[in-house]
Amino acid sequence: MSQSVPDLSASGAGTAAEAGPPLIRMQGVGKTYGAIRALEGINLSVGAGEITCVLGDNGAGKSTLIKIMAGLHQHTEGTMEVDGQEVHFGSPREALDRGIATVYQDLAVVSLMEVWRNFFLGSEKRKRFGPFNALDTNAMRRTAREELSKMGIDLADINQPIGTLSGGQRQCVAIARAVYFGARVLILDEPTAALGVKQSGVVLKYTARARDAGLGVVFITHNPHHAYLVGDHFIVLKRGRMNLDAHRSDISLEDLTQEMAGGDELDTLSHELQRSGAASADVVHQIELAEQRAHGATAHDPKELNT
Amino acid sequence: MTQSLQATQAPSAPARPQPRRKPLTSSLLARPEVGALAAAVLIFILFLVVAPPFRSLGALSTVLYDSSTIGIMAVGVALLMIGGEFDLSAGVAVIAAALTASMFSYQLGINLWVGALVALALALLVGFINGYLVVKTGIPSFLITLSTFFMLQGLNLGITKLLTGTVSTQSIAQMDGFSSLQAVFNTTFSVGGVSVRITVLWWLLFVALATWLLLKTRVGNWIFAVGGNQDSARAVGVPVTKVKIGLFMGVGFLAWFYGMHRLYAFSTVQSGEGVGNEFLYIIAAVVGGCLLTGGYGSAIGAAIGAFIFGMTRQGIVYAGWDPNWYRFFLGAMLLLATLLNLYVKRLSSRR
Numbered sequence: 001m002s003q004s005v006p007d008l009s010a011s012g013a014g015t016a017a018e019a020g021p022p023l024i025r026m027q028g029v030g031k032t033y034g035a036i037r038a039l040e041g042i043n044l045s046v047g048a049g050e051i052t053c054v055l056g057d058n059g060a061g062k063s064t065l066i067k068i069m070a071g072l073h074q075h076t077e078g079t080m081e082v083d084g085q086e087v088h089f090g091s092p093r094e095a096l097d098r099g100i101a102t103v104y105q106d107l108a109v110v111s112l113m114e115v116w117r118n119f120f121l122g123s124e125k126r127k128r129f130g131p132f133n134a135l136d137t138n139a140m141r142r143t144a145r146e147e148l149s150k151m152g153i154d155l156a157d158i159n160q161p162i163g164t165l166s167g168g169q170r171q172c173v174a175i176a177r178a179v180y181f182g183a184r185v186l187i188l189d190e191p192t193a194a195l196g197v198k199q200s201g202v203v204l205k206y207t208a209r210a211r212d213a214g215l216g217v218v219f220i221t222h223n224p225h226h227a228y229l230v231g232d233h234f235i236v237l238k239r240g241r242m243n244l245d246a247h248r249s250d251i252s253l254e255d256l257t258q259e260m261a262g263g264d265e266l267d268t269l270s271h272e273l274q275r276s277g278a279a280s281a282d283v284v285h286q287i288e289l290a291e292q293r294a295h296g297a298t299a300h301d302p303k304e305l306n307t
Numbered sequence: 308m309t310q311s312l313q314a315t316q317a318p319s320a321p322a323r324p325q326p327r328r329k330p331l332t333s334s335l336l337a338r339p340e341v342g343a344l345a346a347a348v349l350i351f352i353l354f355l356v357v358a359p360p361f362r363s364l365g366a367l368s369t370v371l372y373d374s375s376t377i378g379i380m381a382v383g384v385a386l387l388m389i390g391g392e393f394d395l396s397a398g399v400a401v402i403a404a405a406l407t408a409s410m411f412s413y414q415l416g417i418n419l420w421v422g423a424l425v426a427l428a429l430a431l432l433v434g435f436i437n438g439y440l441v442v443k444t445g446i447p448s449f450l451i452t453l454s455t456f457f458m459l460q461g462l463n464l465g466i467t468k469l470l471t472g473t474v475s476t477q478s479i480a481q482m483d484g485f486s487s488l489q490a491v492f493n494t495t496f497s498v499g500g501v502s503v504r505i506t507v508l509w510w511l512l513f514v515a516l517a518t519w520l521l522l523k524t525r526v527g528n529w530i531f532a533v534g535g536n537q538d539s540a541r542a543v544g545v546p547v548t549k550v551k552i553g554l555f556m557g558v559g560f561l562a563w564f565y566g567m568h569r570l571y572a573f574s575t576v577q578s579g580e581g582v583g584n585e586f587l588y589i590i591a592a593v594v595g596g597c598l599l600t601g602g603y604g605s606a607i608g609a610a611i612g613a614f615i616f617g618m619t620r621q622g623i624v625y626a627g628w629d630p631n632w633y634r635f636f637l638g639a640m641l642l643l644a645t646l647l648n649l650y651v652k653r654l655s656s657r658r
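The listed protein sequences derive, respectively, from chains Y and F.
Under the working numbering, think of the first position of the first sequence as 1, with each following residue one higher.
Under the working numbering, think of the first position of the second sequence as 308, with each following residue one higher.
Keep in mind the hints are simulated off the structure, nothing from the lab.
Yeah, the Cβ is synthetic: ideal placement off N, Cα and C, and Gly gets one too.
It is possible that part of the hints are untrue.
Restricting the straight-line Cα-Cα distance to at most 20 Å, the calculated cross-link-like pairs of lysine to aspartate or glutamate (EDC-like) are [to be verified]: (1) F:K549 - Y:E94; (2) Y:K150 - Y:D212; (3) Y:K238 - Y:E40; (4) F:K443 - F:D538; (5) F:K523 - Y:D136; (6) F:K549 - F:D538.
With beta-carbon atoms standing in for the labels, derived distance ranges [said to hold, decoys possible]: (7) F:K468 - Y:G90: 46 to 54 Å; (8) F:L646 - Y:H247: 54 to 62 Å; (9) Y:G90 - F:Y633: 49 to 57 Å.
Okay, the calculated bits of chain Y under chain F, using three or more residues with CB under 8 Å as the criterion [to be verified]: (10) 94–104; (11) 126–133.
Work out the full structure: start from the sequences and follow the hints.
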């Protein structure tokens with residue numbers, strides 16, 4: 001496992017196409033809210049050990065799509081299958097029970113609660129205490145610390161409110177939590193949207209680690225650069241429809257960015273592409289560079305975050 | 308491989324020196340009641356100095372009793388507040404329960420235990436309606452419970468007038484079950500020469516139970532979560548609706564309990580009472596460190612908050628001051644506590 005750690009990109013492009021049905025398979029999925037059509041004709045499949053990136057601008061239908069997978073909304077047309085069985089989730093709990101965990105951008109954690117309480121929220125460990133079931137607080141503290149360090153997150157104090165962690169660390173705790181609770185599909189809703197370059201790098205690293213642990217990852221983002229660093233498969237949504245559906249080997253970062261942005265913004269695009277276009281071959285290197293840049297640019301950042 | 312490992316580990320390295328600063332922040336955050344405890348000690352010392360009668364054990368007993376009359380309700384209100392909601396109807400719900408218990412048994416001439424159970428059902432129902440409306444409509448609990456506050460107040464006055472022709476209920480002291488109910492809700496016994504009202508014991512028991520619930524049970528974890536971030540809680544599978552309705556019903560239960568105490572302490576109930584007490588409960592919870600916005604606080608803090616008010620209300624009398632100053636004090640404590648809570652909230656929501 002440690003061998004695959006440094007390699008952020010998909011190690012083998014063929015890992016996805018293994019035997020058995022995909023973890024999630026959507027065919028012709030659509031969603032209407034009354035007269036408004038939010039999503040239409042979505043076909044996608046999520047395989048184990050594979051990162052599927054869903055890209056799209058604001059309002060393209062990304063959140064509607066993941067909310068259907070996460071059980072917060074129900075699709076109104078098409079079929080969704082989990083392990084080859086058709087499903088209609090009535091609640092997030094049902095999705096969780098099928099091994100589909102979602103880490104939301106803004107509501108990943110309860111910031112006033114301790115890290116370990118957040119880690120086990122909704123799936124608390126308990127032990128018999130006379131006639132009652134009490135929380136097994138010691139075991140939860142210990143497990144949370146172990147699981148986080150397994151993911152490479154080393155916290156000074158597992159009892160600190162999670163709100164005192166940086167945004168990237170919080171995302172990582174949420175990812176570690178999903179992995180620990182046996183998620184087979186991890187849906188990440190814009191995990192890097194609110195983060196700086198350095199912290200984005202950390203989150204992308206854990207995303208790759210979850211993938212290496214054999215999870216199917218659905219990575220929602222509007223940033224093609226982040227998507228291309230880790231993605232195996234790319235889907236671009238535009239106004240609720242699939243605009244692009246391509247495997248990593250069939251598309252370059254430039255094409256992906258162009259698909260995302262549309263023709264009228266090509267001028268600004270070409271500028272951006274010059275800076276990061278060629279780096280896809282060695283993504284780790286690129287992250288390192290980005291981190292160094294971040295260190296230089298915002299050297300005072302960590303202190304500000306933690307005092 | 309090792310190179311990239313080191314490189315990727317690097318970002319977490321600058322975070323290492325932070326433990327030096329962490330303990331202050333987190334220990335302060337870990338104990339919501341710290342501010343209230345400090346205030347309680349100061350106020351206790353103040354009254355020991357300025358009010359000689361305050362120094363007797365008898366005075367302490369009086370203070371504890373007065374504190375318990377606020378404290379029992381403050382436990383439920385604090386849990387509800389940690390769960391992110393208010394209950395402005397808590398004050399009149401106490402009287403509604405007492406009136407129901409009294410009048411139901413009196414009018415039908417049946418055992419008082421029956422009236423007590425009917426009142427319990429009513430108090431729980433009021434809590435359920437409050438909770439259900441808040442959760443299902445998404446309207447702030449301030450508005451929902453403000454409505455039930457006025458409705459209950461009107462019902463208390465109107466139905467009492469209708470049934471008794473006056474503003475208070477008839478005495479139930481001669482009815483079946485009075486003595487056994489009084490033993491539960493209003494007895495006094497002596498501990499080492501000091502008389503202790505039973506409400507003090509009930510109060511301490513409820514505080515202990517609530518503390519255990521909050522810190523050591525799954526439900527407690529959920530209470531913090533629904534108050535801290537309802538959507539996050541729902542997304543990880545916490546039954547938000549049940550938790551919130553349960554909290555409102557908890558306030559209902561305690562309103563019944565305290566209502567029973569008032570009924571069996573005086574054997575009649577004034578139908579217009581209870582108005583304004585809801586603020587005492589809320590203030591006790593906030594002074595005790597509960598965040599008005601939810602997600603943070605403790606039952607012990609609310610108990611200390613209640614104790615501060617019991618102490619002050621009696622202390623001012625013992626000191627021979629004008630009791631009107633108590634009101635000013637109430638407001639000043641609330642303001643201080645709110646400022647302290649704001650500071651806590653900033654510390655913990657820092658990004």
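Against the structure, the hints come out as follows:
no. : hint                        : result
1   : F:K549 - Y:E94              : holds, 17 Å
2   : Y:K150 - Y:D212             : holds, 13 Å
3   : Y:K238 - Y:E40              : holds, 10 Å
4   : F:K443 - F:D538             : holds, 14 Å
5   : F:K523 - Y:D136             : holds, 8 Å
6   : F:K549 - F:D538             : holds, 14 Å
7   : F:K468 - Y:G90: 46 to 54 Å  : holds, 49 Å
8   : F:L646 - Y:H247: 54 to 62 Å : holds, 58 Å
9   : Y:G90 - F:Y633: 49 to 57 Å  : holds, 53 Å
10  : 94–104                      : holds (count 3)
11  : 126–133                     : holds (count 4)
Going down the numbered hints, you'll see the structure goes against none, and every one checks out.
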